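Enquirer: Using the sequences and the hints given, assemble the complete structure.
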Amino acid sequence: MRNSNTNNWRSTALIAGAILTAGVVTTTSTTDVHADNSQNNAQVSNDQVTYSQVRATADQQLAQLQSANDSKEAQQATANEQSNAADLAQTNAQIDQLKASHAAREQEQAGAIAQAQASTAASIEAQTSAANAEYQQQINAQQQNEAIQRAANDQQYAQAVSQAAENQQAVADINAQYQQALSDAANTQTSRAQAAANNYNSAVAKENDTYQGKLSAQQATNAENVKNAEASLATATANANKPYEVATTNEVAVTGRVAKPQTDVKVPDYVAKYGIHLEVRGYNGAIPVSDYTYPEFANTYYGEYPDSVVITNKAAESTPHDISEMPLDFQPGLLSYDAKNDHSEKVSADGLTAAQVQVLRALALSWENGFRNNVFQNYREFYNAVNKNDGFVNVAPVDLVSTDFTDDIANQVVANRTKYNVDNNSHTVKDSGMPTEATYSSIINNVTQNLQKNLTSEFNGKTVYTDVNENLTTMQAGTPTLLNYAINLYNSMQGMYYGELVNPTHIGGHAVNLLRAGVRTVGIGFQKLTDEMTAKSGSGVSDRKNPSYAVTFDHVGFNIDHDANLTKEVQNRNVWGTSTVDAQLNTIKTAQYHVNKVPGTKTVTPTAIDVQKATASEQQKLADAKAQAQQSLDALASAHQASLNKLEQQYNDAKAQVKANYDAAVTKATSVRDAALKATGAVDLQAYKAQLDSAYQNLVKADQVAAQKLAADRDAKIANIKKTENAKLNAKINELVPSIDPQIKQLQDQHQAVIAHGDAVLAELKAENKAAYNKLAEQFNVQLAAIQQREDAKRANEVRLANNTVVLPTAVNAAVDTVAFPTVTNRLQAETTGRVQPISAPSIVKTATQTPITVAPVVATVNHAAENTANSNESSAPVVAQTAAVAATTNNGTQTPVASTADNKATKADNSEKSVVKADTVAKKQTPAKKSESSQKVDQSSMSIVALATTALLGTLGITYSSKKRHN
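Residue numbers (numbering that gives the first Met the number 0): 0 to 967.
The hints are simulated quantities; they were obtained by calculation from the structure and are not laboratory data.
Worth double-checking, as some hints may not be accurate.
Derived lysine to any residue pairs resembling SDA-like cross-links, with alpha carbons at most 20 Å apart [said to hold, decoys possible]:
1) Lys339 / Asn312
2) Lys645 / Leu635
3) Lys721 / Ala664
4) Lys744 / His756
5) Lys727 / Gln629
6) Lys654 / Ala195
7) Lys272 / Lys241
8) Lys654 / Asn131
9) Lys213 / His756
Please read these numbers as outputs of a predicted model, since none were measured by experiment.
Expert: Below, the structure written as structure tokens:
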């Protein structure tokens with residue numbers, strides 16, 4: 000059946016409201032059954048619920064959800080921390096290795112680096128001197144051009160003067176005197192400029208010689224310092240590379256003895272004559288070995304007989320001596336028992352202790368998982384035949400678990416079987432003489448009802464199938480030891496599972512039940528049989544001196560819409576309880592394989608990282624020596640350049656002074672000339688002279704601007720020379736010793752990316768958890784508001800008369816279409832708006848003399864019964880009689896579960912052979928019980944209360960199964 004909106008908790012509240020109005024309660028039950036496999040639909044109930052029930056359930060579910068959210072977030076945070084720490088350690092190790100390689104490379108190329116540095120310094124010096132010389136030539140050219148312009152102006156002015164006073168001797172004499180003054184000033188300027196240049200060149204040459212001497216001395220000192228540091232590093236490296244002894248703890252693997260099952264077993268004639276009787280559809284009587292796809296499976300069926308009697312060719316390697324030697328995997332084959340070599344603990348006449356039961360549960364769980372996994376890995380065709388309609392073809396099953404959750408189921412099953420005297424030939428079903436509420440399916444439904452309800456609500460719109468079934472076998476022991484019981488159970492399970500794998504179209508019901516991929520848990524119960532049970536004909540118990548047991552395997556699981564991914568996600572949730580057999584399994588595993596730690600010593604050869612750490616100090620000293628060497632060379636070059644700059648400035652100052660003296664002499668000569676000419680009465684040449692001077696000053700200003708640019712260009716050229724040469728030097732050094740900074744930066748960026756990713760994952764998880772919590776709280780709050788409104792309306796009709804409370808009748812509405820619930824934003828708001836709390840299993844509120852009627856949760860589930868019946872010749876149960884339900888199918892294989900109220904009958908067998916029901920047996924049709932209604936009219940004169948009448952249509956689960964027995 001589909002999970003529609005009428006099957007969630009909101010509709011439960013709505014239906015409860017409709018019940019209050021109509022005064023009638025209806026409970027329906029739908030069951031589907033199949034041979035050896037009862038898969039239940041949870042009951043669908045609609046009832047009025049009380050406020051306190053809703054509140055308690057809300058608190059519990061919200062607390063559980065919050066706890067689960069906190070656990071997932073803590074696990075994610077821990078995973079982030081571990082991932083970040085591991086990645087950081089790996090990143091640091093890679094960086095240390097890069098640094099070690101880089102230091103070693105520097106050491107190897109030290110000589111080449113020093114040579115490159117010296118060559119670079121010489122090149123910079125030569126190019127700088129050339130740039131200064133070029134600049135000086137340009138300045139000299141400017142000065143020469145200015146002198147030429149000045150001479151031309153003087154000549155033009157002289158011509159003008161001569162023309163103005165051509166015939167005057169005085170003018171000639173004045174001009175002659177003026178020219179002589181200019182000539183004297185020029186000669187003086189030339190001699191002084193030459194002296195300044197000579198002084199500058201001499202000082203520069205001396206400075207260069209001094210610098211070269213200091214540079215050679217410093218380079219020698221640097222080479223010695225670096226050589227000493229390298230020698231010290233070499234000594235430290237040699238010492239660090241020496242192997243050394245350390246104390247160690249060696250791990251020695253110890254493998255314990257594990258028995259190996261044998262498939263080629265021989266049995267006595269009185270056993271073999273019975274043949275192999277397996278209840279598989281299509282066969283009546285013995286099944287030939289030739290019908291088995293894998294003939295070795297046939298012999299495993301003899302495990303159904305007491306093992307001490309059956310196997311005559313006992314192999315030593317197939318005989319365990321203690322519980323620790325029992326195999327945990329469950330390969331095909333039987334184990335033999337040797338009482339003389341049994342070192343296990345005794346089992347008292349009172350039977351197994353609780354601790355011994357847990358050991359057997361641990362072993363049986365391991366064997367069931369071993370069977371499932373071995374069939375999937377090595378005999379896939381059987382697994383796919385069982386799960387072909389369930390979405391699990393070629394999809395590995397999830398391991399079964401045995402937990403406190405399943406122990407509770409198993410213990411209740413055992414208690415009910417004991418209470419109702421159910422023997423080892425009967426399943427835990429109604430036809431075995433017990434009430435419906437005592438059957439294994441009812442026990443499972445009661446335990447899983449909340450989980451069923453949650454899954455149906457969660458997967459709204461999808462079909463939720465239940466996988467619920469029970470397998471049954473008998474366990475006995477000729478010798479009262481835990482090992483004898485374990486071997487007996489092992490061999491019995493071999494026959495119950497491998498013995499039923501005839502071929503992919505004929506698989507026994509026990510094997511089908513276990514191979515269902517939808518089951519996730521198994522409750523394994525050990526019911527101690529009474530003397531009356533073991534004495535029955537067909538009990539299969541051969542030795543009644545020691546306690547015998549009916550062992551039940553109640554499997555539970557869900558299949559979500561035949562979707563393997565959704566189903567496995569649910570199976571992997573933390574909703575199945577806490578394992579109760581881990582300690583027992585670990586004890587056996589440790590005995591079969593463990594590691595001893597033995598003290599000793601070993602020689603340790605230092606790794607490159609160890610050497611790197613041990614020589615870090617000497618490596619730093621070498622790096623410091625190289626750095627100091629370069630710093631000393633840089634200091635000398637800087638001081639040398641400062642001296643050259645100072646000499647150049649002095650030279651420029653001297654030239655400026657020479658020029659200033661010349662200009663002053665020219666100005667004086669001009670002034671004398673002009674005064675003399677004026678005194679002679681010649682024409683005023685001042686305007687003409689001003690014009691010439693203005694042109695000359697403009698040239699001087701332009702030359703000054705040009706000189707500034709030339710100086711800037713020279714400085715830029717020198718800076719570029721240093722930059723270019725240093726870049727070449729750095730490139731050469733990087734070529735000799737490549738930089739590791741980009742690699743380190745990349746590693747650090749990658750580590751930060753790992754951290755950022757983990758933070759993003761955790762933040763997303765927190766957001767999802769918060770949204771899920773708020774959604775659930777809002778759902779409960781909406782329902783509680785409706786219940787509060789209902790209860791307020793009910794209290795409005797209550798009247799107190801003496802010591803009695805009378806509820807006045809309320810008008811009955813013909814129908815309730817919808818119920819509008821107020822929206823509550825959070826739990827705090829809900830708690831402050833009255834009594835709004837979440838809701839769980841509802842109950843009808845009656846008068847003070849009535850008992851509340853508890854209603855089952857609304858969970859829409861569908862089982863696999865219909866699917867198995869749709870194609871009976873593909874995966875069928877040992878007994879084919881269907882007496883409980885008819886699975887309706889269409890031609891294309893669509894299954895529709897059909898409800899039934901009858902149980903399947905257990906198949907009986909006697910000592911001679913197993914009973915086999917013919918394949919053409921058909922299911923009996925059942926007539927469902929009729930719905931009944933009752934009501935009481937209101938006695939207006941006595942103000943009696945209208946009583947709620949309830950009608951229950953209860954369906955009971957039925958099972959068709961095969962009971963495994965022992966043959967004497």
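Enquirer: Look at each hint and say if it fits the structure.
Expert: Each hint, compared with the structure:
1. Lys339 / Asn312: Roughly 17 Å separates the two Cα atoms, so the pair holds.
2. Lys645 / Leu635: holds, 15 Å
3. Lys721 / Ala664: violated, 44 Å
4. Lys744 / His756: Within the cut-off at roughly 18 Å; holds.
5. Lys727 / Gln629: holds, 16 Å
6. Lys654 / Ala195: Holds. Lys654 to Ala195 sits at ~7 Å (cutoff 20 Å).
7. Lys272 / Lys241: Since the Cα atoms of Lys272 and Lys241 sit roughly 78 Å apart, the hinted pair is violated (cutoff 20 Å).
8. Lys654 / Asn131: Status holds; Cα separation ~16 Å.
9. Lys213 / His756: Violated, because 58 Å separates the two Cα atoms, which is more than 20 Å.
In summary, the structure is inconsistent with hints 3, 7 and 9 from the numbered list given earlier, while agreeing with the others.
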